[in-house]
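Respectively, the protein sequence lines represent chains A and B.
Residue numbers for the first sequence follow this note's numbering, so the first one is 1 and each next one is one higher.
Residue numbers for the second sequence follow this note's numbering, so the first one is 1 and each next one is one higher.
Among the hints, erroneous ones may be present.
Unchecked claim - Below, a list of computed lysine to any residue pairs in the SDA-like style, where the Cα atoms sit at most 25 Å apart: (1) A:104 / B:537; (2) A:77 / A:54; (3) A:104 / B:228; (4) B:242 / A:117; (5) A:77 / A:30; (6) A:104 / A:167; (7) A:104 / B:29; (8) B:242 / A:120; (9) A:104 / A:120; (10) B:242 / A:75; (11) B:478 / B:29; (12) A:104 / A:159; (13) A:104 / A:53; (14) A:104 / B:226; (15) A:104 / B:242; (16) A:104 / A:84; (17) B:242 / A:47; (18) B:242 / A:121; (19) A:77 / A:102; (20) B:242 / A:49; (21) A:77 / A:186; (22) A:104 / A:54; (23) B:242 / A:102.
Since the hints were derived computationally from the structure, they do not count as laboratory data.
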Amino acid sequence: MSAVPYTVERRPDTGVNNVQLGIWLFLASEVMLFGGLFSAYFMLRAGAPQAWRPLSSHLWSALANTLLLAAATATLKTGTATVSGLRLRVAASGGFAIAFCVSKLSEYASFIGAGLGPAASTQMATYYLLTGVHVFHVLGGLVANLWIAWTAGDERSVVRNRVEATTLYWLFVDMVWLLIAVLLYVV
Amino acid sequence: MLARWFSLDHKIIGLQYAVTSMVFLLVGFGLMMLLRWQLAYPMQPIPLIGSLLGSQNVAQGIMLPEFYNQLGAMHGTIMIFLGVVPLSVGGFGNYLVPLQVGASDMAFPRLNMLSYWIYVAGGLVMLASFFVPGGAANSGWTSYPPLADIATTGQTWWLAAMILLITSSLLGSINIIVTILQLRAPGLTFMRLPFLVWAQLVTAFLLLLAFPPLEAAGLMQLMDRVAGTSFFLPTGLVVGNKVAAVAGGGNPLLWQHLFWFLGHPEVYVLILPAMGIVAEVIANNIRKPLWGYRLMVWSAMFLGFMSMLVWAHHMFLTGMGTTMSAFFQTTTMIISIPSVIILTSLLVSLWGGSIRFTTPMLFALAFLPMFGLGGLTGLPLGLAASDIHLHDTYYVVGHFHYVVAPGTIFALFAGVYYWFPKVTGRMLDERLGRLHFAGSFICMNAVFMPMFIQGLAGLNRRLYDGGIGYSHAHGLQKWNVMQGWAAWTLGLVQLLFFINVAVTLWRGRRVSDNPWDATTLEWATATPPPHGNFASAPTVYRGAYEYSAPGAPGDFLPQHEPAKTGTAPVSETGTAPVSSRPPA
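Model the full assembly from the supplied sequences, consistent with the hints where possible.
Rendered as structure tokens:
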């Protein structure tokens, strides 16, 4: 008795395979991580001595970032399933994700240039906290993409499993971004 | 060699966890034995080792207040996050869960190996922090800001280590949940799972969902310390008679909320696997099915759920308001119910059993009143009115130590004595085991019982001089002396355990694959189990505790043995036929 079962095929009574269940559990813990960060945001904003104003000067860059992130997910999700096709999808997705990170860093630079570093105010601190943790998740997605490209030659069903899990992760990263963008730049 | 250290086998990883965490338990215990000297004999030079502790920690052999604070903070941190949790979840969970569900390994073996090594890294960072300027973290194991925000460098190391430990336990918990849900052997329905597996499942969900908010809080405290933010620093904070140069607008209570959102489920992370071990040992040694198995399972699940809704009972004195206090006081009273159900079920199980007083059983039996004492003394703390008097006194220290020290640690010892023959093929010596138990039982109670007296008299915890500088505590110093000697004796008694392990490994009595006549699947394979666990995939035919089953050839029916014709029918739920129960 050796190989671990249900890595690819679904277990009949639970209806999922190990990877699917694993990624959902991981995302559940991520919800709790961002849940902690968002509750901190609300508690600090509600108790702030002066009302926080949205960072509307960077609204357009936030919108562009949203599109970049959506593109990163969409390109990973759609396209041909051949090995070279998959690598192309992953590369495109990775390109959009890198563009997102670069855009984010330039936003940081412009804020810091204007004297609005993390120590400037608690509002700016929450801005760096939320977007910073999010950018780390984008970098994590990039690592996952690299790994998919690296192992794209493995058995088809295994690869499909990995792509499915990674796409789910990217969708989560997108949704968190939408929440962050609305909270920081709009309201 | 490398393949041995970085093994993917869940049993090797489980043992790595167990051995490492026991070393950390010893380190944490050592810190406490040092600290106890200062409490028993305040401002007197530490004998023998006083000169070895470094001039930044002791002056002329006398412990400095800064070092005392480090010992307290690191004792708590090491015992909980590097000792008990890795031993009960990483050690027992890793070793036993795949075996008890009849799987060949964990669902994600590489992730399993990774989570162990991240844990080791976290532990090393934590230990290394003793050697940075200003020493290790010294703001209490709870790291409350603003104090922790402005503390010495050690606090930054503490945060870094905690982020590693949280990551490790996150990966571990995903692995345990997927293994239990996905890799159960054919026939092993949920209500046939051993209670230990259920306990590990609920624990894993708590680790998965309760730890991340602390990670969020840890990141914020890290930013406060490194990037100059003020998440936890209010406007107008005065440090050293000067208004601190920070942006302000932060909230120290935010940390407490996020910390205790982990902190309270953490209590159940500490206690549930212990209950699981005790249930296995008791069922095996009373030779009859557990009473109320289903009730225990549902209670464990309810306990897990409720544990996320009680955190602010640690914060009654923060001025958060009576509405909040009333809510959390209510949920706290509710959560005592499932714990009592589990404890009562175990107690009632004893009735009518033919009890074998083996060493593991002695530890398991002692767990019941010890945990009961820990739990019952918690009720006055859960009521906001009485908590006003008891908060931050030694009463609290006594309360939670009864839960985790003679509670959880006794259960863990029960587990070590019980599964040692499965892991090594040799039985630990019973006489040494009994001595170890008796000594530990007496010393533990001698350490912790007086804490209730001290606490009720109003003695605050964390006092550097043990209270002698305060008039109301003058009559209490004799207890500190007694606790000190009891703690040092407790340390000596543990030598019996290590001697027992060493001698047994060398020339202990060899035993069969199933020396305790147990029913669960880990006893159905070779000893020690080979890589891949079972020669052929086992099939499960009945519940986990078919002891004294009528018609069985011995007095038990293993889970994996097909029913023979002519034996009594066994119900689908795994409870024994009515005829085998004692008369009502």
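Right, here's what the structure says about each hint:
Among the hinted pairs, residue 104 (chain A) with residue 537 (chain B) is inconsistent with the structure: their alpha-carbon atoms are about 52 Å apart, more than 25 Å. Taken as a hint, the residue 77 (chain A) and residue 54 (chain A) pair is broken in the structure, with Cα atoms around 33 Å apart against an allowance of 25 Å. In summary, the hint linking residue 104 (chain A) to residue 228 (chain B) is supported, as the alpha carbons are separated by about 21 Å, within the 25 Å threshold. Between residue 242 (chain B) and residue 117 (chain A), the direct Cα distance comes to roughly 24 Å. Compliance with the 25 Å bound is thereby established for this hinted pair.
Between the alpha carbons of residue 77 (chain A) and residue 30 (chain A) the distance comes to roughly 21 Å, so the proposed pair stays at or under 25 Å and holds. Taking the CA atoms of residue 104 (chain A) and residue 167 (chain A), the gap is about 22 Å. The hint holds against a cut of 25 Å. For a cut-off of 25 Å, the pair hint linking residue 104 (chain A) to residue 29 (chain B) is broken: about 47 Å separates their Cα positions. For a cut-off of 25 Å, the pair hint linking residue 242 (chain B) to residue 120 (chain A) stands: about 19 Å separates their Cα positions.
With a C-alpha separation of about 19 Å, the suggested pairing of residue 104 (chain A) with residue 120 (chain A) holds against the 25 Å cut-off. Pair hint residue 242 (chain B) plus residue 75 (chain A) does not hold up; C-alpha atoms about 55 Å apart against a cutoff of 25 Å. Using a Cα cut-off of 25 Å, the hinted pair residue 478 (chain B) and residue 29 (chain B) holds, with the two alpha carbons roughly 22 Å apart. With a CA separation close to 31 Å, the supplied pair residue 104 (chain A) and residue 159 (chain A) exceeds the 25 Å bound.
Our distance criterion of 25 Å between C-alpha atoms is met by residue 104 (chain A) and residue 53 (chain A), whose separation comes to about 20 Å. Restraint check for residue 104 (chain A) and residue 226 (chain B): satisfied, since their Cα atoms lie roughly 21 Å apart, inside the 25 Å limit. Among the hinted pairs, residue 104 (chain A) with residue 242 (chain B) is inconsistent with the structure: their alpha-carbon atoms are about 37 Å apart, more than 25 Å. The hinted pair formed by residue 104 (chain A) and residue 84 (chain A) fails the criterion: a straight-line CA distance of about 30 Å is larger than 25 Å.
Between residue 242 (chain B) and residue 47 (chain A), the direct Cα distance comes to roughly 24 Å. Compliance with the 25 Å bound is thereby established for this hinted pair. Among the hinted pairs, residue 242 (chain B) with residue 121 (chain A) is consistent with the structure: their alpha-carbon atoms are about 20 Å apart, no more than 25 Å. At roughly 23 Å between alpha-carbon atoms, residue 77 (chain A) and residue 102 (chain A) fall within 25 Å of each other, so this suggested pair holds. A hinted pair counts as satisfied when its Cα atoms are at most 25 Å apart, and residue 242 (chain B) with residue 49 (chain A) qualifies at roughly 21 Å.
Between residue 77 (chain A) and residue 186 (chain A) the CA atoms are separated by roughly 29 Å; this puts the pair beyond 25 Å, and the hint is violated. In summary, the hint linking residue 104 (chain A) to residue 54 (chain A) is supported, as the alpha carbons are separated by about 17 Å, within the 25 Å threshold. Only pairs whose Cα atoms come within 25 Å are accepted, and residue 242 (chain B) paired with residue 102 (chain A) is rejected, the gap being roughly 41 Å.
Violated hints, in rising order: 1, 2, 7, 10, 12, 15, 16, 21 and 23; the structure is consistent with all others.
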